[in-house]
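Asks: With the hints as your guide, set chain P onto chain R.
As you go down the protein sequences, you meet chains R and P in turn.
Okay, so the first sequence: first residue is 1 according to this note's numbering, each after it adds one.
Okay, so the second sequence: first residue is 1 according to this note's numbering, each after it adds one.
These are computed hints drawn from the structure, not numbers from a lab.
Treat the hints loosely; a few may be bogus.
Below, in silico cross-link-like pairs of lysine-lysine (BS3-like), each with a Cα-Cα straight-line distance of 25 Å or less [to be verified]:
hint: 1; chain 1: P; residue 1: Lys188; chain 2: R; residue 2: Lys9
hint: 2; chain 1: R; residue 1: Lys179; chain 2: R; residue 2: Lys48
hint: 3; chain 1: R; residue 1: Lys36; chain 2: P; residue 2: Lys112
hint: 4; chain 1: R; residue 1: Lys9; chain 2: P; residue 2: Lys112
hint: 5; chain 1: R; residue 1: Lys194; chain 2: P; residue 2: Lys24
hint: 6; chain 1: R; residue 1: Lys194; chain 2: P; residue 2: Lys19
hint: 7; chain 1: R; residue 1: Lys67; chain 2: P; residue 2: Lys24
hint: 8; chain 1: P; residue 1: Lys188; chain 2: P; residue 2: Lys222
hint: 9; chain 1: R; residue 1: Lys9; chain 2: P; residue 2: Lys19
Just so we're clear, the structure is a prediction, and the values are computed from it rather than from any experiment.
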Amino acid sequence: MVQKLDYLKETPSQTAGPYVHIGLAPGAAGFEIYEKELGWDIAGPNAKGERIRVEGIVIDGIGSPIKDVMLEAWQANADGIYAHPEHPGEVEEGFRGWGRVITDFETGEWGFDTVKPGPVMGRSGKMMAPHINLWIVARGINIGLNTRIYFEDEAEANAADPVINLIEWERRRATLIAKRSERDGQVVYRFDVKLQGEDETVFFDI
Amino acid sequence: MRQPGEFYQRDREWHPPAKTPDYKTSVTRSPEYSLLSLQQSASEITGPTFGHNDIDPIDNDMIHNYAQPGESAIGERIIVHGRVLDENGRPVPNTLVEAWQANAGGRYRHKKDTYLAPIDPNFGGCGRVLTDEDGYYFFRTVKPGAYPWRNWVNNWRPAHIHMSIFGTSFSQRLITQCYFEGDPLIAKCPIVNTIPDQAARGQLIAALDMNATIPLDTMAYKFDIVLRGRRSTLFENRLEGN
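Excised from the complex, chain R in its bound form (with noise of 0.2 Å):
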């Protein structure tokens, strides 16, 4: 006999189900219950840096579009600081870094405004590319999906960054890269989701 580890055991994961909205999208399930819905705006009125628009669509393995998902966005503010107390460094009052959204339930279409995050200290000493922090569930996802959403327009740091540099298997370093156009004068940066088969995203165990 040894002596017993007497730690816990996480909560195991289950689907966030069909009806995510209800509980943390309520408008969108059609009905208003709180005074203040969260996860609305991610950077607030005053933070720096470039406006973007992140938009895009989750395919599930037979190529459909899924139209009941949630995605929550979590990044740093233009000078690469989470708004996160053991971070060092400020962010913009009114700059969460924390954003929700649900996919449209006609055309499975989701997008968010943001502002583009600076590049984050990493392990080591490595700088890290831009990037946003992408968590997805939904009917049939028994537990949530991490993924990063890189710029195309940031190739230099891109190639540099060590997680993207984990990724053996260089073609499938691609779907990490959302692209970059202009709409009506607004950047907007296109990142479709793949959650299996050919071009599948790649997806993190953090």
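Replies: Then chain P, alone, in the frame of chain R:
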């Protein structure tokens, strides 16, 4: 000097795997490639924070938070309470717990739910609360009913409350479901059974808690939530810098 370091690796054999064919929707919504394991950086050990300005005190009372003045939701009145802890047994204070559920008849207030059980005009079905300094949270609600779903033709979900918990980092982010002690549908549910381990499934079943029950008023169930624990960095901290 002990410094906070990374969070413990998630035990992917304890959680449900992505592809669980008896839960049919998972078949086309599960990645086929392996997850890429990351050592954590600032992107993973930080996460959003919430305060009392974000929510209303009534948000944790689902019996009243959508009811007309003087009315209340119909159903079995229950308190669901417990603590949010990490794997080291430490309380997780000031963290946001969000919950959503069907009404007493198993009907959700959602435009996509067409189940023939009626909507309760005084029940919305969502609530949220911040844990206190001891990691403690509580909701008041009505016990949700079981409901049918199109998986096999005669599948019924056990009574459950969906719960979403943030913790202190994005790597602790968790959505799960709380079931109720004694429900015979639990053992038959393909979603519950996505979890391979019997003991892990048991961790999602709230216990009837007569000590917290308010006599002649409201029954209580206890549901503790455990988030990933965190390592102390004993010798060096290579998360950042050299």
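Asks: Out of the numbered hints, which ones does the structure contradict?
Replies: 4
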